[in-house]
Amino acid sequence: RELFASARVELLAQADRILHEKPLSVTDKTQLPPSGDKHDYLSIAPYWWPNPKTPNGLPWIRKDGQVNPRTRGNHTDLRRVQKLFHHLDLLTFAFFYSGQKKYADKLIQLLDTWFVNPRTRMNPHLKYAQAVPGLNSGRPAGIIEFAGLPAVITAVQILDNRHLLPAQTRQGIMQWFSEYYDWLNSSSFGKKEARARNNHANHYDRQLLVLLLILGRTRQAQVIFQRFKSQRIAKQIRPDGAMPAELQRTKALSYSIMNLRCMTEIAAIAKRFGIDLWNYQTPDGRSLKKAYAFLAPYARGGKKWPYQQIASPEVTLKERLPHLFTLAAAIMNEPNFYPAITRRSALSSLELLKYPPLSSPAPLP
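Each residue of the sequence shown is one higher than the one before, counting from 1042 in my numbering.
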């Protein structure tokens, strides 16, 4: 109980620092999207750089895993939306565990500003996400930049359950969810991400799932859960547990961690609906647990990582990989899941409170 009490104190302190910050909006960016409408989300593909062989640097060329600092900054929306998702996460659980209305009020302000207020709202699409100068005005791959969408959904659910979400805000944000789902499901960008053979497909599925669930379309969600077996587990994980599409990257370990975490979170959502993706295995032995088994020797430290990892290899191997196992144990409520690994990596205050074990104390008053 002391551990959870300490995590709660730290979480509330982090949430308090957000209370007086200006709400975030897509209209704050300094660069106009190709449409000329600041309400359209805009970002630039991170691994693309000016071409040294052309006078004007166009078209940009790809350097996998190497982030171009010119793709970050106040002129685009990526950092802004990442900050929004993180703030919503902190404030939601600060409110859940404290009941203090100041956190709910800030949540409502952030949600209304980004999704509802006509002066500041984002249009519900990602047509101009991850553009490549000289090549295109946006890419299907940009859909992954809304991987933090579940934080928005959770915030709305908790506020709604406490009857604190104003009717106008609720109506506006549910309309936004519906329109964004339609764009994801029917646009050429969305259809291409659905056919991806790597982490992009899973992040796409996860967005669809949380949208369908809050919109009450559970039958459609069931279809995605079932598709996950044949289209994601069967096609992304080899019988030995390796994820070849991620291992081909220059940050193979980072992408393996990211992909497996997303797949685990989808399994946790499915579990609530009586679908067991966590223990599912194809006839030739492909499964989520097999993917963890493939990574386990590297997490224990007894085996050298043989693939590329150009960014922070030591930190990724010794901290982020063991953390994945600890987080999976918490998300799936399996405390004995690779205990030799999970005992080495502590969860953050937010993670500890988001994924408490069944034996943990109830939220404090």
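Keep in mind the hints are simulated off the structure, nothing from the lab. Check the hints yourself; a few may be wrong.
[Said to hold, decoys possible] Below, simulated DSS-like cross-link-like pairs (lysine-lysine); rule was C-alpha separation at most 30 angstroms, straight line: (1) LYS1276 - LYS1330; (2) LYS1232 - LYS1276; (3) LYS1079 - LYS1168.
[Stated by the list, open to error] If you anchor each label on the Cβ, the simulated ranges turn out as follows: (4) ASN1226 - ARG1120: 24 to 34 angstroms; (5) PRO1100 - ALA1352: 20 to 30 angstroms; (6) LYS1124 - LEU1176: 26 to 36 angstroms; (7) ARG1042 - PRO1091: 54 to 64 angstroms; (8) ASP1057 - SER1353: 29 to 39 angstroms; (9) ALA1352 - LYS1143: 50 to 60 angstroms; (10) ALA1208 - ARG1236: 18 to 28 angstroms; (11) LEU1288 - LEU1044: 44 to 54 angstroms; (12) ASP1146 - PRO1347: 34 to 44 angstroms; (13) LEU1176 - LEU1073: 31 to 41 angstroms.
Using N, Cα and C, we set each Cβ at its ideal position, and we do this for glycine too.
> Which numbered hints are broken by the structure, listed smallest first?
Replying inline: 9, 10, 11, 12 and 13
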